[in-house]
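With these hints in hand, go ahead and build the complete structure from the sequences.
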Amino acid sequence: MIRLRIRAIVEGADCCSDVAFSEKPVSFLGDTDVRSGVIKGVGEVSGKILLLPASVGSTVGSYVLYALSKNGKAPLAIVTSSIDPIIVTGAVISNIPLYQLLEPWNKAKNILMNGSRRGCIIKGEYLVID
Amino acid sequence: MYLTKEEEAMFNGEFGEATELAIKVVVKVGEVLGATRLIDVAHAHISGISYFNILDYGVRFIEDLEHKGACFRTFTTANPYAAINADFNGKFFSNEVINKQMRVVNALKNMGAKAFTCAPYYIRTPREGEHLAWAESNAVLYANSVCGARTNREGGPLSLMEAIIGKTYLSGVHLDENRIPEVSVTVESLRNELEVAAAGFIIGKYFPTSIPYVKGLSYSYEYYLRGFLAAFGSSSNSPMVVLEGVTPNYKRLLSRGEISKSENISVAEVHEFIKEHIKNSCSNALYIIGCPHLSRKEVHDIVSYVLSKDRIDIHDREMWLITYSNIKLSDNLRRKLLKHGIKIYENICPVVTRLSMIGVSCVITDSVKALHYIPKLAGVPAFLLNRESMIRAFTRGDPLVD
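Listed in order, the protein sequences are those of chains A and B. Okay, so the first sequence: first residue is 33 according to the numbering used here, each after it adds one. Okay, so the second sequence: first residue is -13 according to the numbering used here, each after it adds one.
Watch out, some of these pointers could steer you wrong.
Unchecked claim - Simulated DEER-style distance windows between Cβ atoms:
| # | chain 1 | residue 1 | chain 2 | residue 2 | range |
| --- | --- | --- | --- | --- | --- |
| 1 | A | N146 | B | K247 | 35 to 45 Å |
| 2 | B | G20 | A | C47 | 21 to 31 Å |
| 3 | A | E157 | B | C268 | 26 to 36 Å |
| 4 | A | P136 | B | N266 | 47 to 57 Å |
| 5 | A | G75 | B | N235 | 19 to 29 Å |
| 6 | B | N266 | A | S114 | 40 to 50 Å |
| 7 | B | L324 | A | W137 | 53 to 63 Å |
| 8 | A | G104 | B | M(-13) | 45 to 55 Å |
| 9 | B | P361 | A | L134 | 33 to 43 Å |
| 10 | A | G147 | B | P361 | 33 to 43 Å |
| 11 | A | K56 | B | P361 | 46 to 56 Å |
| 12 | A | V88 | B | D299 | 25 to 35 Å |
Claimed, not checked - A few chain A residues that face chain B, going by a derived Cβ cut-off under 10 Å, partial list only:
| # | residue |
| --- | --- |
| 13 | C47 |
| 14 | K72 |
| 15 | V74 |
| 16 | V88 |
| 17 | S90 |
| 18 | P117 |
What the hints assert, rightly or not - The list that follows gives simulated cross-link-like pairs (lysine to aspartate or glutamate, EDC-like), each with its CA atoms no further than 20 Å apart:
| # | chain 1 | residue 1 | chain 2 | residue 2 |
| --- | --- | --- | --- | --- |
| 19 | A | K102 | B | E6 |
| 20 | A | K105 | B | D50 |
| 21 | A | K72 | B | E6 |
Simulated from the structure, these hints should not be mistaken for laboratory data. Note that the structure is a prediction, hence the values are computed from the model and not measured. The beta carbon of each residue, even a glycine, is placed where N, CA and C say it ideally should be.
Structure follows, in structure tokens:
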């Protein structure tokens, strides 16, 4: 078990779930199927904690998060290393809790690459990975 | 973040659901970017309204906002929409595309959008020092660099939120200390709008994140500068260029900072860039002038030039001149232009339109910005040709051989 420090950008309740992990930055517009809740290269994200280094691409990517949420396919929470206005806007309009990872991305990446896929958000301060 | 009493009331939902959502977005983004308070904006400009970009997700969000009673609290314009009122050689878009695009346009109009153009500075010219919340990179660059107004490069959805509250977060180039040039560029003497725009694109590639101080363009026509800034904005993330002899207070801005690096843009380098992309013709070509949108004066200049020559019927090629509305042209004049293969379209943008759907196979344009985005967004290859050559070919019917 490992504890990663995070900070809340859009607050949410404590939760535990599978972690949907993206090794690379995600371009929500273009990479997301909003009907199935599947992001290319990540898999299904609905009801999971989505962990990604950054979001890239068009600013209308925020609308994709909104569509996921309206379709009941939104992630339970998003934890990202690099915060930008696109993901913040998307999280607020979709009411998805958003956290920034306060530790080096590689630390999170190494744990997830080793096969761990279960995580909990504790007090909005830690992402604990089994 | 510090909020005034009124802002707090917005935040607590006293101004309705849409306003509450909008201020929450702007405050959160502002906090992430280190802003300590919000400021009023004189003009908001929204991007991300083409159906081909925002698809059903965007239509849904924008309509939901309208249903929640959203209403813009400041003067607001929006980007042009997909070219749904246009036809290429008689071929139109499907009703589905047209209807979905019109739903977005109508929702924005109902919320208070006053115009649909990528050149909002022609609708309401910003005053020096004025705070704005603009999306659309060419407009942002024009506002900061030519008008001396202040706006960050906002994203589409964020600018929509800012229009609803009439405010933005105080950060970035709204603050004096972030408007200082860090690098210097000298541009050698160039001949036309295409060359000046190419120089803009090259400078953006050299300095994708810094504000450059640019020498050598002060005698350019206004539309040269517009094309230059639009091209720069396609290869750089910077919201501003300090143009010697153009940008208000350029001397003071230069003296406040330290230039860490200097570059020279030679004529040879510009010619090399254009040579790589130039083409006179290709099959099913659409010729486009008007990225960014043409000013009223440019449209009138082009139209009067074309119609001052002998009328020739041109059937084998088609050109679109793109501008914003209120260009008063009679139907008779439009018919005469059509004989030359020229159509004038208002409020639309072919760059954010899937042109392949109406049978276009390639685009030829004088815009370096369009050259950059058309393959990505419109789904067809794009090439360059200077404006004069294009207009001559449509006026006299000169053959366009490649």
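Results of checking the hints against the structure:
no.	hint	verdict
1	A/N146 <-> B/K247: 35 to 45 Å	43 Å, holds
2	B/G20 <-> A/C47: 21 to 31 Å	28 Å, holds
3	A/E157 <-> B/C268: 26 to 36 Å	59 Å, violated
4	A/P136 <-> B/N266: 47 to 57 Å	53 Å, holds
5	A/G75 <-> B/N235: 19 to 29 Å	53 Å, violated
6	B/N266 <-> A/S114: 40 to 50 Å	45 Å, holds
7	B/L324 <-> A/W137: 53 to 63 Å	57 Å, holds
8	A/G104 <-> B/M(-13): 45 to 55 Å	32 Å, violated
9	B/P361 <-> A/L134: 33 to 43 Å	39 Å, holds
10	A/G147 <-> B/P361: 33 to 43 Å	40 Å, holds
11	A/K56 <-> B/P361: 46 to 56 Å	23 Å, violated
12	A/V88 <-> B/D299: 25 to 35 Å	49 Å, violated
13	C47	20 Å, violated
14	K72	16 Å, violated
15	V74	18 Å, violated
16	V88	12 Å, violated
17	S90	7 Å, holds
18	P117	5 Å, holds
19	A/K102 <-> B/E6	19 Å, holds
20	A/K105 <-> B/D50	18 Å, holds
21	A/K72 <-> B/E6	33 Å, violated
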